[in-house]
Amino acid sequence: MTRWAMVADLRRCVGCQTCTASCKHANATPPGVQWRRVLDMEFGEYPDVQRAFVPVGCQHCDEPSCLDVCPTTATKKRADGIVTIDYDLCIGCAYCAVACPYQARYKTERATFAYGQASAHETQRRDDSRLAVATKCTFCVDRIDAGLAKGLTPGVDPEATPACVNACIAEAMTFGDLEDANSNVSRLLEANQHFRMHEELGNGPGFFYLWDRLEETKP
Amino acid sequence: MSFGPNPWHQQSWDGRAAANFMFGGAGSGLIVFAALAGGPTWLLLAGAALVGLGLLSVFSELGRPLRAMNVIRHPARSWMTREAMVAPVVFAAVALAWFTGPRAAWLSGLLAGAALAFVYCQARMLQAAKGIPAWREPLTVPLIVATGLTEGGGLWLLLASAAGPATVLPWVAFALALTARLALWLAWRRRLRAASRALAAIDRAGHAFKAATLLPLALAILAASSPLPPAALIALQVVAGALAAAGGLWFKFTLVTRGAYNQGFALSHLPVRGVRHI
Numbered sequence: 001m002t003r004w005a006m007v008a009d010l011r012r013c014v015g016c017q018t019c020t021a022s023c024k025h026a027n028a029t030p031p032g033v034q035w036r037r038v039l040d041m042e043f044g045e046y047p048d049v050q051r052a053f054v055p056v057g058c059q060h061c062d063e064p065s066c067l068d069v070c071p072t073t074a075t076k077k078r079a080d081g082i083v084t085i086d087y088d089l090c091i092g093c094a095y096c097a098v099a100c101p102y103q104a105r106y107k108t109e110r111a112t113f114a115y116g117q118a119s120a121h122e123t124q125r126r127d128d129s130r131l132a133v134a135t136k137c138t139f140c141v142d143r144i145d146a147g148l149a150k151g152l153t154p155g156v157d158p159e160a161t162p163a164c165v166n167a168c169i170a171e172a173m174t175f176g177d178l179e180d181a182n183s184n185v186s187r188l189l190e191a192n193q194h195f196r197m198h199e200e201l202g203n204g205p206g207f208f209y210l211w212d213r214l215e216e217t218k219p
Numbered sequence: 001m002s003f004g005p006n007p008w009h010q011q012s013w014d015g016r017a018a019a020n021f022m023f024g025g026a027g028s029g030l031i032v033f034a035a036l037a038g039g040p041t042w043l044l045l046a047g048a049a050l051v052g053l054g055l056l057s058v059f060s061e062l063g064r065p066l067r068a069m070n071v072i073r074h075p076a077r078s079w080m081t082r083e084a085m086v087a088p089v090v091f092a093a094v095a096l097a098w099f100t101g102p103r104a105a106w107l108s109g110l111l112a113g114a115a116l117a118f119v120y121c122q123a124r125m126l127q128a129a130k131g132i133p134a135w136r137e138p139l140t141v142p143l144i145v146a147t148g149l150t151e152g153g154g155l156w157l158l159l160a161s162a163a164g165p166a167t168v169l170p171w172v173a174f175a176l177a178l179t180a181r182l183a184l185w186l187a188w189r190r191r192l193r194a195a196s197r198a199l200a201a202i203d204r205a206g207h208a209f210k211a212a213t214l215l216p217l218a219l220a221i222l223a224a225s226s227p228l229p230p231a232a233l234i235a236l237q238v239v240a241g242a243l244a245a246a247g248g249l250w251f252k253f254t255l256v257t258r259g260a261y262n263q264g265f266a267l268s269h270l271p272v273r274g275v276r277h278i
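Line by line, the protein sequences give chains A and B.
So for the first sequence, the numbering used here puts the first residue at 1; every next one is plus one.
So for the second sequence, the numbering used here puts the first residue at 1; every next one is plus one.
Next comes chain A alone, as it looks inside the complex:
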């Protein structure tokens, strides 16, 4: 079996938002819609302060609450863990948006463009099937499937890897198969301390955050 997952190394992310830009480029999302976001978080009080850049988006959960609530079965979960939306079934009730604890879902009522009028690029990439329905990060599922069909390895071969991971300048984001003990993500999780966001809710996110080395590996 395969379980696609994302690993974000919080020590490496510099908050450059290149992943956000590459996601928008790859998926042609409208203004205000960021399937891949990077949060800029500040903690503590002067002089004891710290800053963290945190990539977020759909966590492709093991038990997605969006899947349970969806009245139309537009939201589905594939055997490889990727949560998908069938835009032709979705009625745009936004129930999934309030059910998602990760604020990963968007609903855009009408076509909007970066500078008022549609640019040539926006006209070319326009997809009205995504209007007034729920949308979210797909883990670039089309790239994964096309890559697999060519015998490529998602997370290793760029052509089969999500755009945000390809674009990351700091190698802070890694994509791979959680079920494969030798995959890049499995090795990272084995060598580092990590957590998943809002673990207590029981969704089982497929998005892991690295925050420190494991004690055994410290010098």
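Among the hints, erroneous ones may be present.
Here are the simulated distance ranges between beta carbons [to be verified]:
id	chain 1	residue 1	chain 2	residue 2	range
1	A	Ala146	B	Asn6	37 to 45 Å
2	B	Pro88	A	Thr112	34 to 42 Å
3	A	Thr112	B	Pro102	54 to 62 Å
4	A	Glu42	B	Trp250	34 to 42 Å
5	B	Leu107	A	Thr123	55 to 63 Å
Read the hints as simulated data drawn from the structure, not as lab findings.
By construction, the Cβ of each residue, glycine as well, lies at the ideal position given by its N, Cα and C atoms.
With the hints as your guide, set chain B onto chain A.
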């Protein structure tokens, strides 16, 4: 340890979605009371009209209304689907009661059961929305059901006053429902302590909600326990009924709109960077 930006208000559901819970709950409660306590059949119609108004309101919020029938595709897991499937049963039972005249016991049972199922589906719908801490709290389910019953009971008292004073039994049922609503609200509110922003918004409406529960409760106890002239009883019905219904509607509007803060993002650990001193 938890870090992260403050929760913010959900932007997906507005007053139209709130209206579904407000009118749906009140209409269901009215049908339950009209089915079990009696009264003119048009009370059932009024309840069904409220349920329909709520559904129409939420229909207007759909991004793709022409596909609305897709809502019934997921009965196995979605409470929204179940709500949509129970609604026709409610309407059919009310239509049956309207056309068949004096109600048989089985029909009263069907009416009350279908209406209760509808408001229960609504309560579970809210509770299944895991992204909103104030909704996902398990006590939300009995609280929404109890609120719907008190709204319905209040509307029943208010509207049935046109036909004369109510007997003791509906007053007792109304008082019990109000007691449950108050107790559940207090317990539910205590469990929301971690969701401070939601709690602040809920508390802003809380005084009105408590007043609109306690006062009708006092009036119900007075009406059920004291021999009052019919005119006074009718006045009590109007005031208690209107207050209980208004309080419940205001609470649900607040819960679905103003109290609907998400959880925000949180890190259980901060990244460890730089030179480590061991």
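Consistency of beta-carbon spacing, A:Thr112 to B:Pro88, with hint 34 to 42 Å | For B:Pro88 and A:Thr112 the Cβ distance comes to about 37 Å; the hint holds.
Would you say the C-beta atoms of A:Glu42 and B:Trp250 sit inside 34 to 42 Å of each other?
-> holds (37 Å)
A:Thr112 and B:Pro102, beta-carbon distance inside 54 to 62 Å?
-> holds (58 Å)
Distance restraint hint 37 to 45 Å, applied to the beta-carbon atoms of A:Ala146 and B:Asn6 = holds (41 Å)
Could you tell me whether the CB distance from B:Leu107 to A:Thr123 stays inside 55 to 63 Å?
-> Roughly 59 Å apart at Cβ, these two residues keep to the hinted range, so it holds.
Checked against the numbered hints above, the structure violates none of them.
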